[in-house]
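Chains as they are written, first to last, in the working numbering: chain L, 1 to 200; chain W, 1 to 340; chain B, 1 to 202.
Keep in mind that the hints were calculated from the coordinates and are not lab data.
The model shown is predicted, which means the values in this text are computed figures rather than measured ones.
Here a beta-carbon is modelled for each residue, glycine too, at the ideal position from N, C-alpha and C.
Treat the hints loosely; a few may be bogus.
Said to hold, decoys possible - Now the stretches of chain B that chain W is said to cover, found in silico as 3 or more residues with beta-carbon under 8 angstroms:
1. 101-110
2. 151-164
To be verified - On the chain L side, residues computed to face chain B include the following (Cβ under 7 angstroms):
3. 69
4. 70
5. 77
6. 83
7. 90
8. 92
9. 94
10. 95
11. 98
12. 147
13. 150
14. 154
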Amino acid sequence: MKTRLPLRSALAVALMATLWAQTAGAHLLKGEASGFLTGFLHPISGADHMLAMIAVGLWGAQLGAPALWVLPVAFPLVMAMGGVLGLLGVPIPGVEYGIAASAVMLGAAVAFELRPPIVVAGVLVGFFAIFHGHAHGTERPPGQSALLYSMGFVIATGCLHALGIGIGAVHRWSWGQKLLRASGAMVAAGGVFFLWRAAA
Amino acid sequence: MNRFRCSACWLLTVLAVLLVAIPAAMAHESRPAYLEIQETAPGQYTLLWRTPMMAGRRLPVVLRVPDGIRGLREPVVQSLSDSILERRWIDAGPQGLAGKRIEFPGLQFTITDALVRVELLDGRTMQMIARPSQPWVEIAASQPWWQVMGTYTVEGVRHILFGADHLLFVLGLLLLVKDGWMLVKTITAFTIAHSITLAIATFGYASAPALPLNAAIALSILFLGPEIVRSWRGETSFTIRHPWVVAFAFGLLHGFGFATALTDAGLPRGDLPLALLSFNIGVEIGQLAFVALILALARSFQVLEIHWPRWVQVLPGYTVGALGAFWTLQRVALLVGALR
Amino acid sequence: MRTARSAGTRAFVALAVALSCGPARAHLNSTGMGPIYDGLTHFLMSPEDLVPALALALLAGLRGAAYGRRALFTLPAAWLLGILCGLAVTTTSTTTLGPAIWFLVLGGLVLADAKLSLRAMTTLAVLLGLVHGYFNGTGMGLSAPSIIAALGLAAAVFVLVVLVAALVVTLRAHWARIAVRVGGSWIAASGLLMLGWSIRGS
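In isolation and in its complexed conformation, chain L is listed as follows:
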């Protein structure tokens, strides 16, 4: 949790700089550009969502190829499918629980260094991705560009995976492996907290 604020503000500053540069010449695009910003900041603003995303990256790094890239490739797509379900009005019961449970499960998988077959890992991650997409992909403020919101949302999610994979690069050292397992336990603990909060 400690890294959240600096990371968020750094990303926001970088984004503002890019967007400022881009919109300087095109006044008309202002409303649309804010759509990208909303979409981009959306996954970063929810701690439960963010924890689960980073955990996907960490797990991928632990498992190594091909899971290293299968998980981050599968996740956005299945998440988008969850988003479409949400947009079509298909109800998914217990979305909040699903998201919190995904943090618990993925955190536990990292903590115990579980090594299921790649198909099982993919299905597990995909199952939780549907919840994430359903909950977050549909929250676009009216008047902003759907295209840019979607792109911002997907790109932010992908960046969180990349962050997880980047952190997971310490896996090659023995102290790094311990560190990864510890951070997995922390993610799981965070998930338990959110689960408790969702139930309360």
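Using the hints provided, position chains W and B relative to the given structure of chain L.
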């Protein structure tokens, strides 16, 4: 001939009317009001105020200038088909409008915005929007340094990317250089040379009259054309062996050209060195981006194994030469015309 | 000598005109730097055009230099033709359904590292260029500056495809090609979400 021109005019008029009328017919119900303020002499301004007409009724928005301002002449009001145009000439005293607030009473009861454009004598231009939630705009007293820097950097990038003559000269140099080191030397020489004259001219130590300068810049491009052809033929010359010397010499000329652009863009009263530096940085950014783009394109063509036909290969060289020749003739003609 | 200040003035007046004419004219922003730059920036500022073109360039690059060469000439040419066809039409459509499907299809092909035949990819490029060019062209209005803007736009497409395809062709490392495919997955996922939005919108 005359008849042909006449019918062409008609056709163009009809086209223009169609182009304007069709979108206007589908227009949204909230057209903005528009105010343009231009400083003509210190403290004196001309105002152009346009309020749109909607369904035959004028938008109920009034323009209120700050107190203590007197009109220099009677306002002129002009009724157009879709709007009312009002011109005012005002004197705001020695302080000018800086830090003052211009209000639009009535705007808060509409769903319309008012676009405001301000052009000041010190070269600053501001664009603001007054909204129903905030029916006034404030003219900033002075710009902070980073804003000055931003403005002039953008101006520099804009100038180099728009100035086809400078880009063509750089392209000509790129066609002449053979290797990376020579490229670095040439581009650096060009940069140093035009920075020198840009600074000298901006601070007013020297100046170049516009017409001969433009002709000389065109000549510098024309000069590169035959050299490029010579390098294709495998011949050599001083320019081909030492392109950086040519880049430096002609760079001095191009610097005067940049100075004209900077002066045209308007110089701030206080931050002249800063504006100069930022403008130059902008020019370098634009120039390096152009060089990088050309090199990346050349490399990409190589990677994609594209074998251009002969005429495409020589096209850039001939473009440099032909456009250089054209501009030289055109600008010399202008010069001669002005001298007579 | 054209001054930068007058360019700025023109840009703002064009903005005012564009705003006052409503959404029909909002299509081609004036940069105040001439029609070539207008067309160029229009392409670079419209993700619904930029991203599919990018995806096609990635796809061609993954398949190799021959595909890159083909895409490089067909896509801009088809795009230009599409714009010229669309110029005469004054109505504009702002549906996101079309771009969403292109995102999904092209992103999916990149993700799958699909072994397309050269002919299939050429067909895709021609279709993409024609459709997107047509929608760019509508609303520009039939005039000389529009045609020059169309040339600027096609040039931007050309440069994008050249640079991206060549970059991808040079990627030999396994992980680098994977990164390209991850990019494809992002594009496809964005397209899927957009598809949801446009279905719900209608």
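Count the residues of the segment 151-164 of chain B whose CB lies closer than 8 angstroms to any CB of chain W, then report whether that count reaches three. holds (count 3)
Taking 8 angstroms as the C-beta cutoff, is the stated coverage of the segment 101-110 of chain B by chain W satisfied by three or more residues? violated (count 0)
Interface hint check: residue 92/L, Cβ to nearest Cβ on chain B, cutoff 7 angstroms. Holds or violated? violated, 14 angstroms
Restraint check, 7 angstroms cut-off on beta carbons, for residue 94/L near chain B: With a closest approach of 21 angstroms, the residue 94/L hint is violated.
Measuring from the C-beta of residue 150/L to each C-beta in chain B, is the shortest one below 7 angstroms? Given a least distance of 4 angstroms, the restraint on residue 150/L holds.
Is the shortest C-beta separation between residue 77/L and chain B less than 7 angstroms? holds, 5 angstroms
Hint check, residue 83/L versus chain B [nearest Cβ-Cβ separation less than 7 angstroms]: holds, 5 angstroms
Is the hint on residue 95/L kept, meaning its closest Cβ partner in chain B is under 7 angstroms away? This interface hint is violated because 16 angstroms lies over the 7 angstroms limit.
So, residue 147/L near chain B? Judge it on the closest CB pair being under 7 angstroms. holds, 6 angstroms
Please check whether residue 154/L passes as an interface residue: C-beta within 7 angstroms of a C-beta belonging to chain B. holds, 5 angstroms
Hint status (Cβ of residue 90/L to nearest Cβ of chain B, threshold 7 angstroms): violated, 10 angstroms
Less than 7 angstroms between beta-carbons is the criterion; does residue 69/L satisfy it with respect to chain B? The hint holds - residue 69/L has a Cβ within 7 angstroms of chain B, the shortest such distance being about 5 angstroms.
In this structure, the hints that do not hold are numbers 1, 4, 7, 8, 9, 10 and 11, in rising order.
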